[in-house]
Amino acid sequence: MKATAELQDNILQGISLIVGAVFLLALTDALVKYLSASMSLWQLYVIASTLSLPILFGLIIGHSEPPPQGKITPLGGD
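full-length UniProt numbering puts the first residue of the sequence shown at 1, with every later residue one more than the last.
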């Protein structure tokens, strides 16, 4: 019974993430369209990169695992 509840929770989380991603894509599209009247394309790319790189580095660092400690054995052996 617990597996079904966890599966249902994952489905709802997936739907929420997809809806949020579509909303953010539409928002960025509207923002680029609004800002392109007063800024050039390279300025928009610089701003987008400046905002996205720290977020990406934070996600990479947050999800990285420390290297395993101790003896490493080959596959299939002791």
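There may be inaccurate statements among the hints.
Pair by pair, the computed Cβ-Cβ distance ranges are [as the list claims (entries may be wrong)]:
| # | residue 1 | residue 2 | range |
| --- | --- | --- | --- |
| 1 | 71 | 16 | 52 to 60 angstroms |
| 2 | 63 | 14 | 41 to 49 angstroms |
| 3 | 73 | 43 | 21 to 29 angstroms |
| 4 | 38 | 10 | 48 to 56 angstroms |
| 5 | 12 | 44 | 30 to 38 angstroms |
| 6 | 20 | 58 | 17 to 25 angstroms |
| 7 | 75 | 38 | 56 to 64 angstroms |
| 8 | 33 | 9 | 19 to 27 angstroms |
| 9 | 52 | 75 | 56 to 64 angstroms |
| 10 | 63 | 20 | 29 to 37 angstroms |
| 11 | 71 | 31 | 27 to 35 angstroms |
Don't read these hints as lab results, they were simulated from the structure. Don't be surprised by glycine CBs; every beta carbon is placed ideally from N, CA and C.
Practice task
Check the following: the C-beta atoms of residue 52 and residue 75 are separated by a distance inside 56 to 64 angstroms.
Solution key: Between residue 52 and residue 75, where Cβ atoms are some 38 angstroms apart, the hint is violated.
Exercise for the section: Check the following: the C-beta atoms of residue 12 and residue 44 are separated by a distance inside 30 to 38 angstroms. Expected result: Holds - the Cβ-Cβ distance for residue 12 and residue 44, about 35 angstroms, lies within 30 to 38 angstroms.
Practice task
Look at the Cβ atoms of residue 33 and residue 9 and judge whether their distance stays inside 19 to 27 angstroms.
Solution key: Given range 19 to 27 angstroms: violated, Cβ gap about 37 angstroms.
Practice task
Return holds or violated for the Cβ distance of residue 71 and residue 31 against the range 27 to 35 angstroms.
Solution key: Between residue 71 and residue 31, where Cβ atoms are some 53 angstroms apart, the hint is violated.
Practice task
Take a look at whether the Cβ-Cβ distance between residue 38 and residue 10 falls inside 48 to 56 angstroms.
Solution key: violated, 43 angstroms
Exercise for the section: Could you see if the CB distance from residue 71 to residue 16 stays within 52 to 60 angstroms? Expected result: This hint is violated: roughly 43 angstroms between Cβ atoms.
Practice task
Could you see if the CB distance from residue 75 to residue 38 stays within 56 to 64 angstroms?
Solution key: holds, 59 angstroms
Exercise for the section: Could you tell me whether the CB distance from residue 20 to residue 58 stays inside 17 to 25 angstroms? Expected result: Since the Cβ atoms of residue 20 and residue 58 sit about 18 angstroms apart, the hinted range of 17 to 25 angstroms holds.
Problem - 21 to 29 angstroms as the expected CB spacing between residue 43 and residue 73, which holds or is violated - result: violated, 54 angstroms
Problem - Satisfaction of the hinted span 29 to 37 angstroms by the C-beta atoms belonging to residue 63 and residue 20 - result: Because 19 angstroms falls outside the window, the suggested range is violated.
Handout entry: Outcome for the supplied range 41 to 49 angstroms, where the beta carbon pair is residue 63 and residue 14
Key = Given about 18 angstroms between the Cβ atoms, the range is violated.
Checked against the numbered hints listed earlier, the structure breaks hints 1, 2, 3, 4, 8, 9, 10 and 11; every other hint is satisfied.
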